[in-house]
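Numbered per mature numbering (1 follows the signal peptide of the UniProt record, and there is no 0), the sequence shown spans residues -24 to -1, 1 to 178.
Hint data in this document are derived by calculation from the structure and do not stem from the laboratory.
Please note that the accuracy of each hint is not assured.
[As the list claims (entries may be wrong)] Simulated crosslink set (DSS-like; lysine-lysine; CA at most 30 angstroms straight-line):
no., residue 1, residue 2
1, Lys21, Lys107
2, Lys61, Lys150
3, Lys46, Lys8
4, Lys58, Lys137
5, Lys70, Lys150
6, Lys107, Lys70
7, Lys107, Lys61
8, Lys8, Lys70
9, Lys69, Lys8
10, Lys19, Lys58
11, Lys158, Lys48
12, Lys34, Lys150
13, Lys34, Lys137
14, Lys137, Lys70
15, Lys107, Lys46
16, Lys138, Lys21
[As the list claims (entries may be wrong)] Okay, the calculated beta carbon distance ranges per label pair:
no., residue 1, residue 2, range
17, Pro65, Ala4, 42 to 48 angstroms
18, Ala4, Ser152, 23 to 29 angstroms
19, Glu172, Asn42, 21 to 27 angstroms
20, Asp153, His22, 16 to 22 angstroms
Where is the CB? At the ideal position from N, CA and C, for every residue including glycine.
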Amino acid sequence: MIKSALTAAALSLAVVALIAPAHAQVPAATYKLDPTHASVTWKVKHMGLSNYTARFTKIDATLEYNPDDKSKSKISVSIDPKSIKTDYPFPDKKDFDTELSMSADWFNAGEYDSITFNSTGVEMTSDTTAKVTGDLTMLGITKPVVLDVLLNAAIEHPMTKKPAIGFSATGMVKRSDFGMLKYIPLVGDEVQLLIETEFQTE
């Protein structure tokens, strides 16, 4: 029994040692997105059969982080709609990425060359979770969007030795709110957002 208790205590200390750095305090500062460790993936219903999944690969973001009052933190994001990657399986037959990004029926990137999100409020729901409200602008239309955000870690980056913060976020938008109506309801109106980010100080 003593051996079991000691083993349990050792395991508990090990877990604490692993978890504690993830919630370490990092300084209030401006943090820039590390684009090599960030993704914006979106999913939309396809004829009720599946969730069609694609992503944007060119993302820029700035985080004004306030660790003493996280509700005062702010984030601004810019996405290049021409950076769509669908993994369409027949590139020799159809350039589906270009069709989605450039067509006036879809993202119309020739006229609207960026998708932006600027936070307007942060409501902390726990020490590590929040609802972030912001203005999403797409196709020249701005609508409020709420993201459910999880703070994964706030640490000194093991490699760069700079303060670093990592977030995951989910949300939903209706593409019809932005005038993107093609094929509704065969292609769903609701678009799920799956976001992964890492930020570091400059």
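Among all the numbered hints in the text so far, which are the ones the structure does not match?
Numbers 4, 6, 8, 9, 11, 14, 16 and 18 - these are the hints that the structure violates, sorted from lowest upward.
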